[in-house]
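S.K.: In case you want the letters, here they are:
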Amino acid sequence: MSIITVDHTTLRVGGRTVLSDVSFKIEEGEFIGVLGPNGAGKTTLMRAILGLLSPDGGSLKVLGGTPERGNSEIGYLPQLRTVLPDLRVRGRDFIASSLYGERWGLPLLRRRDGDAIEATLDAVGVRDLAERPLSDMSGGERQRLLLAQALIGAPRLLLLDEPLISLDARHQEIAIDVVRKVCRERKVTVLFSAHELNQLLGTLDRVLYLGNRQAVLGTVDEVVNAPVLSRLYGAKIQVVRADGHIFVMSRGRDVERVDHMHDHDHGHSHGDHHH
Amino acid sequence: MITIMATAMGTIITEMFAYEFMTNAFAAAGMVAIVSGIVGYFLVMRGQTFAGHALSHIGFAGATGAGLIGLAPLWGLLAFTLAAGIAMGALGERISNRDVAIGVILALALGFGLLFLHYYTSFATQATALLFGNVLAVDHAMIVALAVLGAITLGALAAIMRPLIFASLQPELAEAKGVPLRFVSTAFLAIVALAVSECAQIVGVLLVFTLMVGPPAAAQRVTTGLWSGLFVSASLALAEAWLGLTMAFYTDWPVSFCIAILSALGYFVCLTLSMRTGPVQPVPAP
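Protein sequences appear in the order of chains A and B.
Going by this note's numbering, the first residue of the first sequence is number 1, and it counts up by one from there.
Going by this note's numbering, the first residue of the second sequence is number 1, and it counts up by one from there.
Okay, chain A solo, but in the shape it has when bound (with noise of 0.2 angstroms):
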């Protein structure tokens, strides 16, 4: 059964044409990469999924239905995470507080919801963030934190914005672990966005490629190479392999080096697009 079907889909934002007329079918179980330029659409696609955006055109369904704000099968990690700056809040409640979050009266938990909470914290390894107040933790604990929130519920559709942001290397590879083993055990579907596809070439299934309002799903070796991504990048793109790893070179220059050292300049106001 096909978990997103997207369907001569279009997607603007405040005018400006983000994906044009683009169709793919993502099916339950997958791992998949979301790569691309800034600007090529990773996080507006991830808010069309969750029903924040509606299609300027085509039709776009998910779990078998049209995007609904507020579904608890879709765990989601936003790219833009503001997190006050002196927030004494330990890290159990600043997750538990996501718990039908939306929900209005008073913020009580059952049994089970706090077991659910426990458990994940465990299946991350941030138990020992959970008595810790935020404002103690640094950039990285903060992100292992939300990743474990984004799991809590189990889940049927995993959506991660750029969850490998602000960790370093081994925290980069733990986060990717834990994805990969939610996605096989539990057969959660994963989009997962990130700025470097090397990490990701051992665990993913498919590459959904994003960038000149077009999109492409397929293999590595279907969607990495010189002809459709020259097509993605609008410029001519030379895809070199090496020692396992891909490199994709825009005159001779490392096109995702260049793109991340970019979002460290600019990561806040990119995120404002969207709001």
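Be aware that a few hints might be false.
To be verified - The list that follows gives simulated cross-link-like pairs (lysine to any residue, SDA-like), each with its CA atoms no further than 25 angstroms apart:
no. : chain 1 : residue 1 : chain 2 : residue 2
1   : A       : K61       : B       : A159
2   : A       : K187      : A       : G218
3   : A       : K61       : B       : G178
4   : A       : K181      : A       : P155
5   : A       : K181      : A       : R112
6   : A       : K181      : A       : D221
7   : A       : K61       : A       : G39
8   : A       : K61       : B       : E172
9   : A       : K187      : A       : G39
By construction, these hints were calculated from the structure, which means they are not laboratory data.
Position chain B relative to chain A; hints supplied.
M.R.: Just chain B now, with coordinates in the frame of chain A:
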């Protein structure tokens, strides 16, 4: 020894409560302190304390304006803070969290308060009471009004508490899950406006921080849990209000001063405690 202390305590309490104005003051201050401690906890969590401060100053203009047209100050206070709270919420987080914009409006409101006082000179004697509170003058009607307002405030807060916490801690995710951010933040500022109006009756518009910011900020230094934080915050506010009244009764100092000094003391003691013990749990070795 214990009996002597108990007898002394008993004497103190009978002495104070022999006066009806003290009983009234304890009842009013107690209710308002609990409401302030709980609402203030979210104000501090959301980093909106300055907005709370501005609301109280806008309330001052409302209270003096009400005097000008012959109404009780409480209703003017309520009307102005509520209107301002809802307007701030409607303008959105970007405006309502901007220090400069709030500062300008705050000063403007105080200016209007002064203008209204200028035209209603017999009201001037009440200006001090508005600015610094006059809990010893609370009567039965006021206690009833404060009880009703307090119940409405806490009831409304309980109704929006879950999405409020979610929207405060993780606005992006809350929006994705369908929390109406603008509505929640507007409703919260309206709740703050109610709490500020009540609090101003006890400690005055200039000192609402003593009950609405001091206790919750202190609580957040010593505990990081949500429920424990709310409990500590409300208890601290209640203790400071009642101890302040007792202190004022025996020293003849103004009540608001006593509460203010206890609030500051409570905050700095908790700050020192949390600094000495370091983070709540030791940071594991890398």
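S.K.: Next step is simple, just say for each hint if it's right about the structure.
M.R.: Evaluated hints:
1. A:K61 with B:A159: Violated. K61 (chain A) to A159 (chain B) sits at ~34 angstroms, over the 25 angstroms cutoff.
2. A:K187 with A:G218: holds, 19 angstroms
3. A:K61 with B:G178: holds, 18 angstroms
4. A:K181 with A:P155: holds, 14 angstroms
5. A:K181 with A:R112: Between K181 (chain A) and R112 (chain A) the Cα gap is close to 22 angstroms, so the pair holds against 25 angstroms.
6. A:K181 with A:D221: With a Cα-Cα distance of about 24 angstroms, the restraint between K181 (chain A) and D221 (chain A) holds, given a limit of 25 angstroms.
7. A:K61 with A:G39: holds, 23 angstroms
8. A:K61 with B:E172: holds, 23 angstroms
9. A:K187 with A:G39: Cα-Cα ~30 angstroms, so violated.
The structure does not agree with the numbered hints 1, 9 stated previously, though it agrees with the rest.
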